[in-house]
Structures are given as structure tokens and as C-alpha cells.
Amino acid sequence: MTELTTTTADGLHITVRMPDNHEWVRESLEKACAAEARRQLEATPAPDPAYSVPRTAELLGLHPETLRDYMRLPAYHPRRLHYVTGESSRGDRVLLSQINDWQQRNRTDAGPVTAPAPRVRGRRAGRPS
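Sequential numbering from 36 applies to the sequence shown in the working numbering.
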């Protein structure tokens, strides 16, 4: 048996007992679970992906050295592109939120960058498996 309990706006508690194999009970539980999952996912902060300098340059339509020039500007400069430092310059990453912030501050002609689908790394031709 499944018990469905609710409380009305007036404070009245209602409990209904139904057999587990009843189709309405199963559908109601599925809908309630889906709604709760959506609510929890909406409340969870979205991830802020980080991109390498060459990938960021590709997303913005810039040459990687031009992008690095923007990264080297003083911290107070409006055209500076903020980034997360790595162990070396190859490890430097730019967050998607920083890319969008930089585009807004500099009023670029390009549309806002959205998180692209992850790249699938395939095997190279001629390479033994």
C-alpha cells in the first residue's frame, strides 16, 4: 500500500491509501519525483567551465598571442582578460564567466560565448591500438 499525504492551506491533513500497483499512484509518484529533481537542479549552481588559451582564442576569434596580450595587461586595465594561472603558461585557463565579462566590458561584435559541447578525442590514424 502507498500512502499519499497532503496538507491543505487551511491546515487540514489528508491521507489516501492506495495499492502500489495502481497506475495513478505510479504516475503521480513519477511526476512528483521529476518535479523535485528539477527543483533541486535549478537550485544547484551551474558549473563555470575553464578553457585553455588556444581554445579561448578560438571561441573569441582571436589569435592566441593577441589573447595573451590581453591577459598581460595591468589588473586595473578595462581590456584585461582575467584568468586562472596554471603551473606554467600552458596551464593557464580562462573561465567562461570571465570570457563573457570581458566581452561585455569591451562591447565586442561577437555574440556571447556559450559553453560548447566537449570535444571527443579520437584515435589518430596509423596509430596502433
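I should point out that these hints are in silico values taken from the structure, not numbers from a laboratory.
Since we're looking at a predicted model, the values are computed, not measured.
No residue lacks a Cβ here, since even glycine has one placed at the ideal position from N, Cα and C.
One thing to keep in mind: the hints can contain errors.
Label pairs and their calculated CB-CB ranges [to be verified]: (1) Glu77 x Thr37: 54 to 60 Å; (2) Ser63 x Arg142: 47 to 53 Å; (3) Thr42 x Glu122: 54 to 60 Å; (4) Asp136 x Thr43: 31 to 37 Å; (5) Ala81 x Thr37: 33 to 39 Å.
Structure-based check of all given hints:
1. Glu77 x Thr37: 54 to 60 Å: violated, 27 Å
2. Ser63 x Arg142: 47 to 53 Å: holds, 51 Å
3. Thr42 x Glu122: 54 to 60 Å: holds, 56 Å
4. Asp136 x Thr43: 31 to 37 Å: Given range 31 to 37 Å: violated, Cβ gap about 47 Å.
5. Ala81 x Thr37: 33 to 39 Å: About 35 Å separates the Cβ atoms of Ala81 and Thr37, which means 33 to 39 Å holds.
The structure is inconsistent with the numbered hints 1, 4, although it conforms to all the rest.
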